[in-house]
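Asks: Okay, here's what each chain looks like letter by letter:
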Amino acid sequence: MAATEFRIWRQDGADGEGGYRDYTTDVTEGMVVLDAVHQIQAESANDLAVRWNCKAGKCGSCSAEVNGNPRLMCMTRMSDLPTDRPVTVEPMRAFPVIRDLVCDVSWNYEVKKKIEPFEPRPPDAEDGTWRIAQEDVERVQEFRKCIECFLCQDVCHVLRDHHLHDEFVGPRFFVYNAALEMHPLDTRDRLAALKQDEGIGYCNITKCCTKVCPEHITITDNAIIPLKERVVSEFYDPLKKLFRVFSGGSRA
Amino acid sequence: MAFPAVLKRRSFGETQRQDAWWLQPGAVVVGLGLASAYATWAALQADHYVFGGYLSPLYSPEVFGLSHHAWFQGFPSWWPGFVPQSPALFILILPLGFRATCYYYRGAYYKAFWADPPACAVGEPRNAYRGENSFPLIVQNIHRYFLYAMMAWIFVFFPIDVYRAFEFETASGGHAFGIGVGSFVLLINWLLLSGYALGCHSTRHVIGGFRNVMAGRPFQSACYRCVSCLNRRHMAWAWLSLIWVTFSDIYVRLCSMGVWTDFRLV
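As they're listed, the protein sequences go chains A and B.
The first sequence begins at 1 in my numbering and counts up by one.
The second sequence begins at 1 in my numbering and counts up by one.
Looking at chain A on its own, in the form it has when it is part of the complex:
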């Protein structure tokens, strides 16, 4: 058991002036940051607000910044953090704080509502079912692992530093778009929206979203860049446009 120092962000309401407050608690073997925060809450900060649910890295509720890195508190082991300096815990910086470590992430749900929904082709069989080859569905399976923790949104500098929430939907919703757009049954076209309304051109491929994803989704290489390439084909590639003119304008 070792006494460990923490610097935790405290803020009283969305408009309140926030700041770090120092706490000390005993850390034992096997503890994660969320355990330590709960212990501090029980011992010395009963009014500390923290959002959590599953404590298993599957609900995406306890997203925060630990030592400056966007992480799930429940999946960050204390034994992996240096203890010679205080452990800093603060809320996600790309979203407004409701209180202490709790952010208002509702903007993400509003964004999601505006994305073209899935619309499958007519059923392949008379009983109303479809046939999909395993290799075709495997490509989009990865995107379905997303737990909507919004850590990728938090670390993306377009939202975090430039606050372009009105013009850019962020990595989470490029993954969501990719899951729909690359689905073998889907018939909708989302490329114009990706270019114009959702701002995929703002992404400058820092790969920070991929680095923080707790589900290890290869966001940049498998979702964003393939979508960027499709946007290039649709809007910026004169040869492709010419090819479409002669081939009747169909997309694969």
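Read the hints as simulated data drawn from the structure, not as lab findings.
No residue lacks a Cβ here, since even glycine has one placed at the ideal position from N, Cα and C.
There's no promise every hint is true.
Straight-line Cα separation of at most 27 Å, DSSO-like style, residue types lysine-lysine; simulated pairs [to be verified]:
id: 1; chain 1: A; residue 1: LYS114; chain 2: A; residue 2: LYS58
id: 2; chain 1: B; residue 1: LYS8; chain 2: A; residue 2: LYS211
id: 3; chain 1: B; residue 1: LYS8; chain 2: A; residue 2: LYS112
Only some residues are given here: those of chain A computed to face chain B with a beta carbon under 8 Å [stated by the list, open to error]:
id: 4; residue: ALA3
id: 5; residue: GLY199
id: 6; residue: SER233
id: 7; residue: TYR236
Use these hints to put chain B onto chain A, whose structure you have.
Replies: Frame of chain A; chain B shown alone:
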């Protein structure tokens, strides 16, 4: 998608990260800076780029030039007088453009040279940001055209160079098969550049990524899987091929200058 709140902006370099976040962008500045400086210097030399059958990859293909590798002897009359008569200047724009617009390098040099951002979750120096959404960076979308050009290097120019790197002059003035250390240097250069270009994100799209349904196209599916496999290590291919192309020029240059000896193995 109106965002209801005003968020506090962080100052340049502001972060709670305790790790050496500056190390990676710093290494990119040093690596890309050295490689760019050397390539510029080497391209302007117009000398010591040939040693027997070896042709420096920075000068390949030698369209206009004075060596026996040149397609056309001498420089054309329309070549501007203020531009050095270097064969490298005639072709280098295409490999350079390919690397400059590469998705991996873009992410790396935006961070390292523009601090946009300096590293993940580290504050930026500027408020304004247009990304690749408008001019000038929207031009990065030209990447696939540089890729098409690179296919000439992968499938034509470098294979010819490698073939000639295994040919050595005989005493009677003819040519015979042989192997020198330089033969392997140029062979490895070709393989590394192939791994880099064939694993490019645009290659992945063009070869099959544009499709949602790959079933029923076994050849295309196999190609897509192969390119995806290379793509997973795209950063490593990018750096290894950059380092090796630089080393290949140094090797040919120093052999040509008589500083290094090209040992014959066969």
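Asks: Determine for every hint whether it applies to the structure shown.
Replies: To see whether the hints hold, each was checked on the structure:
1. For the proposed pair LYS114(A) and LYS58(A), the alpha carbon gap of about 25 Å is at most 27 Å, so the pair holds.
2. Taking the CA atoms of LYS8(B) and LYS211(A), the gap is about 24 Å. The hint holds against a cut of 27 Å.
3. Straight-line distance between C-alpha atoms of LYS8(B) and LYS112(A) comes to about 25 Å, which keeps the hinted pair within the 27 Å bound.
4. Among the interface hints, the one on ALA3(A) is violated; its C-beta lies about 19 Å from the nearest C-beta in chain B, farther than the 8 Å criterion.
5. The restraint placing GLY199(A) at the interface with chain B holds, with a minimum CB-CB distance near 6 Å, inside the 8 Å limit.
6. For SER233(A), the shortest C-beta to C-beta distance to chain B is roughly 6 Å, which falls under 8 Å, so the interface hint holds.
7. Checking TYR236(A) against chain B by beta carbon gives a least distance of about 4 Å; that is within 8 Å, so the hint holds.
Hint 4 from the earlier list is the only one contradicted by this structure; the remaining hints agree with it.
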